[in-house]
Amino acid sequence: MKILALHHVAIICSDYERSKTFYTEVLPLTIISETYRSERESYKLDLAIPGGGQIELFSFPNPPIRTNHPEARGLRHIAFLVEDLNTQISNLTSKGIEVEPIRFDELTGQRFTFFADPDGLPIELYETLA
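Every position in the sequence shown, counted from 1, becomes a number in my numbering once 10 is added.
Treat the hints as calculated values from the structure; they're not laboratory data.
Even for Gly, the Cβ is constructed at its ideal location relative to N, Cα and C.
Just so you know, not all the hints are guaranteed correct.
[Claimed, not checked] Pair by pair, the computed Cβ-Cβ distance ranges are: (1) Glu27 x Thr118: 35 to 41 Å; (2) Lys12 x Asp56: 20 to 26 Å; (3) Arg121 x Pro38: 32 to 38 Å; (4) Gly119 x His17: 26 to 32 Å; (5) Arg50 x His87: 34 to 40 Å; (6) Arg121 x Ser24: 17 to 23 Å; (7) Ile112 x Thr45: 33 to 39 Å; (8) Arg28 x Gly61: 24 to 30 Å; (9) Phe90 x Glu27: 30 to 36 Å.
All chains should be built: construct the whole structure from the sequences, respecting the hints.
Here's what the structure looks like:
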């Protein structure tokens with residue numbers, strides 16, 4: 011087997027419009043396509059991640075809540091590579107998003123931080139090397 015790249019990350023949200031606004035206006039990611047599947051009462055929003063890859067944002071009636079924190083088994087968080095972490099943090103806080111204090115990767119020395127999407131999914135911003 012040879013993996014070429016990460017294709018997508020799928021996220022199920024509790025409030026489609028709130029999450030759509032968050033991912034398209036706060037982050038902001040570009041919409042590739044949006045589909046309503048009436049038989050499932052579900053939206054599927056495909057969002058482009060710069061540099062390749064996608065986020066698939068799903069809505070379903072009454073999805074169960076996330077039952078664990080980042081240290082539990084399963085998906086821990088989504089991480090985006092950014093330039094100038096301070097500017098990105100200022101942009102998020104100006105939109106009312108709470109951001110954790112900056113941390114340092116003990117293996118690489120790089121700076122990073124976390125914030126959450128509307129459903130509490132942890133999102134990391136990892137600063138690229140200068």
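Should the hint that Phe90 and Glu27 are 30 to 36 Å apart at their CB atoms be regarded as holding?
-> violated, 22 Å
Between Arg28 and Gly61, is the Cβ distance one that fits in 24 to 30 Å?
-> holds, 26 Å
For Arg121 and Pro38, compare the CB-CB distance with the range 32 to 38 Å and indicate the outcome.
-> violated, 22 Å
Between Arg121 and Ser24, does the C-beta distance stay in 17 to 23 Å?
-> violated, 31 Å
Is the distance from the Cβ of Glu27 to the Cβ of Thr118 consistent with 35 to 41 Å?
-> At 38 Å between Cβs, range holds.
Taking 33 to 39 Å as the hint, is the beta-carbon distance of Ile112 and Thr45 inside that range?
-> Between Ile112 and Thr45, where Cβ atoms are some 38 Å apart, the hint holds.
In this structure, is the beta-carbon distance linking Arg50 and His87 contained in 34 to 40 Å?
-> At 27 Å between Cβs, range violated.
Range hint 20 to 26 Å: satisfied by the CB atoms of Lys12 and Asp56?
-> holds, 25 Å
Satisfaction of the hinted span 26 to 32 Å by the C-beta atoms belonging to Gly119 and His17 | About 30 Å separates the Cβ atoms of Gly119 and His17, which means 26 to 32 Å holds.
The structure does not agree with the numbered hints 3, 5, 6 and 9 stated previously, though it agrees with the rest.
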